Structure formats: C-alpha cells, structure tokens
Amino acid sequence: MSNNKVITANELTKTFGDFVAVDHISFEVEKGEIFGFLGANGAGKTTAMRMLCGLSMPTSGKATVAGLDVYTENEKIKRSIGYMSQKFSLYDDLTVKENMQFYGGIYGKKDAFIKSKTASILQELHLEKEANVLVKSLPLGWKQKLAFSVAVFHEPEIVFLDEPTGGVDPVTRREFWNMIYQASANGITVFVTTHYMDEAEYCNRVSIMVDGRIEALDAPAQLKQQYHAASMDDVFLKLARKAVRAAD
Amino acid sequence: MPAVTVEHIIKTYGKKKEVLALNDLSFDVAPGELFGIIGPDGAGKTSLFRILTTLLLADSGKATVDGFDVVQSYKEIRKRVGYMPGRFSLYTDLSVEENLNFFATIFNTSIKENYDLVKEIYVQIEPFKDRKAGKLSGGMKQKLALCCALIHRPSVLFLDEPTTGVDAVSRKEFWEMLKGLRQQGITILVSTPYMDEARLCDRVALIQNGAILSINTPAGVVDEFSYPLWAVQSPAMLPLLNELKALPFVKDAYPFGAYHHVVLNNAAAENQLHQWVQQFAVTNVQAKKITADIEDCFIALMKN
Amino acid sequence: MFILLGMPVVQIVIFGFALTNEVKNAHIAILDASKDAATASLITELNASRYFDVERYCTDYKQIDDEFKKGTIKLAVIFPAHFDEDLQHFNTAQVQLIADASDPNVANTLTSYASAIIIDFQNRITENKKLPYTINTQLRMLYNPQLKGAFNFVPGVMAMVLLLVCTMMTAITIVKEKEMGTMEIMLVSPMRPQIVVLAKAVPYLLLSIINIITILLLSVYVLDVPINGSVVLLMLESILFTLVSLSLGLLISAGVASQQAAMFISLIALFLPTIMLSGFMFPIENMPLPLRVVSHIVPARWYYTIVKSVMIKGLGIQAILKETLILAGMMLFFLTMAVKRFKIRLA
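So the sequences go chain by chain: A, B and C.
Just so we're aligned, residue 1 is where the first sequence starts under our numbering, counting upward by one.
Just so we're aligned, residue 249 is where the second sequence starts under our numbering, counting upward by one.
Just so we're aligned, residue 553 is where the third sequence starts under our numbering, counting upward by one.
Worth flagging that the hints you see were computed from the coordinates, not collected in a lab.
Since we're looking at a predicted model, the values are computed, not measured.
Fair warning: there could be bad hints in the mix.
Stated by the list, open to error - Computed list of lysine to any residue pairs in SDA-like fashion (alpha-carbon distance at most 25 Å, straight line):
(1) A:K136 - B:R335
(2) B:K537 - A:K242
(3) B:K493 - A:N178
(4) B:K265 - A:L134
(5) A:K242 - B:D444
(6) A:K224 - B:Q481
(7) C:K730 - C:P755
(8) B:K265 - A:E215
(9) B:K327 - C:A590
(10) A:K224 - B:A484
(11) A:K97 - B:E266
(12) B:K310 - C:P755
(13) B:K263 - A:V133
(14) C:K730 - B:N349
My request is simple: use the sequences and hints to build the entire structure.
Next up, the structure:
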C-alpha cells in the first residue's frame, strides 16, 4: 500500500440478511483528492460511507482509511476523519464560537489550538461579528459553510461530506465548493456525495454506484467520453437507469 | 379567474416579528398552469405553501385559491386542494393501499372514483400495495404521497419540495408524472431548490429571502439575462477561475459543471475575451458563447 | 431546567413534610348513651389528643351510619348507657369503636390510637383503687371487616390505569400525528379537525371500558373485594372519569409539539398528583392546607371517593352527587378548552 492512498477498499461487502447492500466494491482514493461518490437512492452509498467512517462493520472484504483498518482500528479512524451531513452538523442552541470549541474539545485539541483555529475560521468566513450568535439564527448557507469548517476543525486527513449542499442557493453552493478546493489544496482528502450533477464535474474523480456495486469510476471528462455523454447528468442517468433493485 | 392569486403577502416569525419569511409577495397562477417556485432552503417556499393551503395566517396581504379567500373560506379550499408537504407525511404503519383508501375516505371519495387520475402513478407502486408505507424507498414514498394528494381530484395541487433529497433518476420520473397531470387540467404549484427543474415548468417564480427575484416563463427568465455569457474550460480549472475573475471586462465568473461561466460587461468584451483565450490556446483553454441557464439568471439576480 | 432541578426539591418537601401516613385530627363521632362523669372526661381526652377532633355528637346508630356514608367521620366511639355505673359497680365497662375500614390503614391506626387513650384513662382511674377497672374495647371495622388492603388499592389502581391509558395515550397519539406531519395533511382536508381528534380518543375510551371491567372482575373473583353498590352506577362513573381523562389528554395534545413533551406533562402534571393527592396513598385530611386545596383539582381524588363509596360502602348516586357533578364540570371545562385550543392551522 502506497502512502499516498488515503482510502483503500478491496472487495468491501455488507449484507443485511440476504440483502447485499454493498457488493464487493474496490477503489482507492489519493491524498488531497476530491472524490465524488454518486449513486441513486438506495444504491448503497450510505452503507459504504458508514463502513469507511468506522460506524459499521463490513461483512467481508478489506478497507483502510488513513492507513487504519476498518475492522480493528475503527476508533482511531474516527479521530482522523471529519464528517458533515446536511441533516446533522451543528448544535443550533450553541453559538458559532461554542460549536467550534465543542468540536475541538471532542477531538482532544489543546485550548491554544482551538483559540487560534477559531479565530482564523471566523476570519475566513467573515463571521467575526457573528461569533457569539446562536447558530440557529444564521442563514442556511452560512450554517453549511460553518459546518464544513467545523468538520475540518481538527485537521483530519479525510473529510466525508454527505450531501453537504442540499437546498443551498447557487451562489453559496459555489462558495462552499471553493472551501472544498481549499481543503483539498491543503492536503485534506474530500469524499463527497451529492445529488447535484454539476457538482460531480467539480470532483477529481467520481464513482457511480448502482445496485451496491461501483459501476463506473474515473475522472468526469473520461466518464463522459466513455459513455458518450454531454454531461455527468447524462452519465448518471445512463448508469442509474440500469438499476434493477428497488431503492432503499 | 386565476387559480391562485397572491397579493402583497407578508409573513414574519418570532415574538418580535424579527424573522421576515415572506416580504410582500404578489403573483397569479392561471388555471392548468404548472407553476414553479424556485429558491434555496429558507427562501420562504414552505411558508408560502402553508399560507395558500390555509395552514398558516399571513401577517398581511390577501391570497385566494380557486377563487376562495385563504382566511375566510378555508373550509372550501380544504375541500378542493391537494397538498404534499415537504417531509413524508403518510401513515408509516399502514400499507400502501390502506393509506390510499384512508385518504380517499377522508376526502369523501373512493379510489375507484378517481382511479383514472392516479392510475399511471399507482401502477408503479401497485406491486407493493401490501407493504407498509414506512418500508418503501424514497422514490416510491414520493409516488404514494402524490397518489394520496390526488385521490380526491383536487383543482389545485401544492407540492412542497417533492424532489428534495431524491436522486436524479427519481426526479426525472417525478417530473414526467407532473407533466401527465398537467394534461389532466390540474393546476400545479411546485417548489424546488433545484434550478435545473425550472425549465420543466410553464412559469416560474425565482425567490430568495422571501422576495421574488423574477416571475416569467423559463425562456422569459433567460431572456432577461442581458449580458453576454461564455463558458470557458481548461485542464487547470482553479487557477483559470482566479484569472478570469481578475479580468477587467469580466463582470462575474463562477464554476458551472465542467466549465466556468463568465459573465461579460458588454458585447464589446466578447472580443477581448476571445483574444485573451487565444493567448492561452497553447494551454488548452477553450471558450464558447452560450445562452444562460436558469441558474445563471438566479446567480445574477442574487448578486444584484 | 427548572423542572429538572426543582423536581427533587419539591418531591422531598412534599413527601417529607406534607405526605404522611400518620393520622392527625381525624374527625370522629361520639354516641354517648351514658352522659356521665367518666364518659365526659374520656371524650375530653379523645378530643384533646392531636389525633382526634370530635365532629359530631350522635344520639343513635342511624346517625352514625349516615355520617360514615357521608364520609364526614372516620371513627365513631360509642358509650353504652350506664358506663360510669358499670365501672363503679362491676369495675368493668364496655366501649365500642367503629372505624371506616374502606381505608384499612387509617382504620387500623385510628382504632389503635383510640384504644391507647382508653387504656391510658383506665390506668389513671385505677391508680388509687384496689381493684382494677377494666374498660373493654370492642372493635368494629365497617365495610371491610377483614381489613383487606385490596379494598383500598382497587379504587386507586382504577383511577391510575384510566388516567394513564386515556390521558397519556391520547395525548401521545395525537402529538405523534403532528410530529409525523400527517396532521398537516389532515388539516388540509375537508375533515373537521375536531373530528380527527375525537376519533383518536374513541379507541381509548373503549380500551378503558375493557380495563375497568377487567379490574372489577379481578377484584371480585380474585381479590374478594365485593361490589356492594350498583355495578351500573360504578361503570357510568368510571366512564365519566375516563371522559375527564380523555379531555385532559386532548388538552395536553393541543398545547405541545412533541411526543416527549406530551409524555412528560402527562407524567409530571397528572400521574404524580394522582398518586400523591388523590387520597389513595396518603390521607388528604392530614395534608397541609395548600396541598389540600390543590387536591381539589385532581380529578382522581373525586373518582377515588366515588369508587370507594359505590364499591365498598355500597352507596347510591345521592351520596356521590357532589363528586359526580365536579367530575362532569371538569370534563366540560377540559373539553371546551381542548376544542378551543385546538388549532385549525399550524401556528
């Protein structure tokens, strides 16, 4: 295993009873890569992501995240990754600052680190004035950007983003992706799911899951060429329409 | 007579009315129209739908549905509208068929009576009619909810973000169904945060922060976009964007799928851009003139 | 927050000081057929003790019986004629204690207090005499001669079960509809919202009736608690109480937004007061004034009295008219409030 591979999955499988949710998937993600993880509802994205985050034990196959084994070192994995989803992100009834302190504390960061990091994030997001404002009173777009900053607060090797931009306005959505690019430039690997197909184009590489298997995996340009499609939207539709199993 | 009229609707939340959800909204929807309310979360879409379905009272302003006032004649409206709220709201412990039967009964009708209306949608979920609604997949739940909202043959159908969180394939299918319903003469108001769905509507209202940015047909919205728009591509997209943004004749530049969209100040700037691209032709920068998308319009309207 | 921090304090105070099994100032009646020096001084002693307050002086058994039925007295002390004479001439006399044993604990405590006072009196007057006086105390446990605990807890359990099933379950199921979003669709339908809510309550009414029947069958055939009064009356009163509980459940559901809150309110605001203030666990008479006042608004208090009166004492409607009217009034009040507060819109 090369040091550059931040995530490796080899024949990773998860079954629930006789239902194969994730069916022998294999892929590798490199350090600093923005990896798009697409698939229709029920294709097995969430299950696969949970296994990689150390939240769910695979049935068979191998996988390492940040060089750690998902079977035996899942607690360590949790320390070296960040996670953000559309649903769960921040505590509404804590202030912006308190949220950052809280997450910094959870990951066992030192007070000095928390202090300087909080200041730099507030400056980056132009939220200095809102530092002591309750998160629930922020507009959704700001919340999502803040949530991302919190997810990478402890400087993880990898950040998992589960539909981070759902329902966000087009301008903020772009600002959000700008943050993703920056994180990636700083060496953080980004593993992201989305329903916006234009966002798939922003990824370095994209995998498309159909019926628990990875049906396609390549850079967006190559995928479009391979499937003779004008956009990622078309690629996705061509692949996802092949799905036979009922979603979820 | 319009199917829906909205006049100067204002809605605030909070003890001190500090949260302005809808800021003086006015528009009409013609009978049989497929009308889209397009805007991000928090734009006020759900508040608007709840006011029109008589679930909320506006602070001020007037609204009618099917000619009835949403405040005084709320009982009449409740008899004749179909409503599908944003989150799944059927009985998860009843089966598919039981849910449909239940909602038919509540609206004093039967599945048989209006079966022709829901038939095309229902056949897709019929194989699972004995399954509990809670065990359905996202796309199928959506279809069942639509059937339940249609079972009494409503004159106006309100769909609040029916495609949020649904994958691209299911979204396409859902819009196909809406097209079918429109042919049956049902007025449909649908809200969505997905800009690409706007072009599937007859007319759209783009809303942001409780105010309408623009109301027009999708083509009309695009026509309102008065600046030249170009799509630019290169193998190194991130540095390209920064360079584009720095150009004096560029009004705005932002990523858009595989390209960066570049809004130019005026027609004269097109030549300048062309020359600029020529300089970098070696590094494989490509540019082409394109027509704006609803999303381009939304971005422009937001930044105004 | 206040609830979480305040609850233990309130509970400790209530349990520690206000609620006590000790009986104080119990109302008693005296039937003194003798009216002599000995009875007079014994009565004075009874009255002087902190345990008893002489409420009535009766002239015959009929009156005593009436007082028991009305529930005004817990204990009656009966001195037969010639009490002092018997004592002087035969060195022995009779006194009869009749206790309301529908609450066996209280009856036990009261009779032992009274006996102690009588023995005390007997010892005191014996002091200077060569021959000891003996006052024979004869006990009679009214309604529940065997002093069975079941006589007390069956009515209490009925009140609790009905309250639990009706109030909490109704509140929770209705609030669940709100949480799931189905209420939103219900509101946007021609169905009158009040109908939706009442329809939710009906199954629990039926369930409660089954519960009542089960409890009564069990108490009669397994626990040997007789139903001395009219079964029909008992059922009707129980249904009335069920309706009160249902209305309360509806009222709660109209005010809260989450199942958790509905549960919390049902438990804190209803269940605890029912246990503590209905008279089932702790005699109301002994509570400090504020708690006694509060106990008046606890529906279970009235229902508990009704069940004891009908089931144990075998009384008819006229004896429990007041309680019935209070319950009916409560039901109307809660129901009107619930229907009024039920929103035809979301906010």
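Going through the hints against the structure:
no.	hint	result
1	A:K136 - B:R335	holds, 20 Å
2	B:K537 - A:K242	violated, 35 Å
3	B:K493 - A:N178	holds, 14 Å
4	B:K265 - A:L134	holds, 17 Å
5	A:K242 - B:D444	holds, 23 Å
6	A:K224 - B:Q481	holds, 15 Å
7	C:K730 - C:P755	holds, 19 Å
8	B:K265 - A:E215	violated, 51 Å
9	B:K327 - C:A590	violated, 84 Å
10	A:K224 - B:A484	holds, 18 Å
11	A:K97 - B:E266	holds, 23 Å
12	B:K310 - C:P755	violated, 41 Å
13	B:K263 - A:V133	holds, 18 Å
14	C:K730 - B:N349	holds, 21 Å
Of the numbered hints given earlier, the model fails hints 2, 8, 9 and 12; all others are met.
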